[in-house]
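Chemist: Sequence:
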Amino acid sequence: MDFDDDGVLVPPAGVTTVFVQAWGAGGGGAVGGGAITGAGGGAGGFAWCVLPVQPGTPVAVDVGAGGAGGAGAANGSPGTPTGVDNNLGGVVSAGGGGGASLLLGGSGGEGVCPGQGTVRMGADGQEGNPTPGGAPGQGGRPAVDGVVRPAPPGAGEGGDGGGDTDAPGSAGGDGYVVIWW
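In my numbering, the protein residues as written are 10 to 190.
Some hints could be false.
Unchecked claim - Here are the in silico distance ranges between beta carbons for each label pair:
1. G81 <-> T25: 49 to 55 Å
2. W189 <-> A83: 21 to 27 Å
3. T26 <-> P159: 22 to 28 Å
4. P64 <-> G43: 55 to 61 Å
5. G65 <-> R158: 25 to 31 Å
6. A82 <-> R158: 36 to 42 Å
7. P21 <-> A44: 56 to 62 Å
8. A22 <-> A82: 54 to 60 Å
9. G98 <-> W190: 18 to 24 Å
10. G143 <-> V19: 50 to 56 Å
11. P64 <-> D154: 29 to 35 Å
12. P61 <-> A82: 20 to 26 Å
13. A22 <-> P161: 29 to 35 Å
Note that these hints are calculated values from the structure, not bench results.
Since this is a predicted model, take the numbers as computed values, not measurements.
C-beta atoms are modelled at their ideal positions from N, C-alpha and C, and glycine is treated no differently.
Between the sequences and the hints, there should be enough to build the whole structure, so can you do that?
Modeler: This is the structure:
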């Protein structure tokens with residue numbers, strides 16, 4: 010099952026383990042101003058985990074929201090984490106990427122598994138450019154595109170920085186979750 014919004018999975022009879030791949034949301038890019046171009050936001054973290062479940066016990070899925078791009082004098086906002094809670098004490102988490110701050114790129118989010126699994130840190134956003142006419146920093150990209158299927162375009166990506174004419178940074182991509190058994 011794919012989740013690009015919050016939702017609930019109720020495991021059917023006989024299912025006691027599910028496999029989860031989760032991407033945290035990306036952070037927003039920073040605004041550019043004057044001759045300075047903004048930095049990019051960090052990518053969300055990634056977690057691929059084996060999660061115990063109980064048939065009939067709801068598994069809550071909370072998909073992270075991408076951080077807003079900086080506008081005016083504001084920095085980019087951080088992306089929020091994506092979480093999958095088995096309601097048995099186990100939570101898969103993919104952290105949101107950090108928002109960019111003027112010339113400083115946002116940091117990549119981290120993944121956490123409650124047991125067996127693999128986690129990867131999202132890439133940091135690129136720095137902004139103080140050189141007039143320079144290219145803005147690109148947002149970080151997720152470390153993994155997907156084990157079972159790829160994430161939708163933009164999922165978990167950090168937002169790009171704004172140009173050098175008070176252009177706002179772009180928003181980070183929302184998180185994403187795939188659960189299968």
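Chemist: Checking each numbered hint in turn, tell me which of them this model violates, lowest number first.
Modeler: 2 and 12
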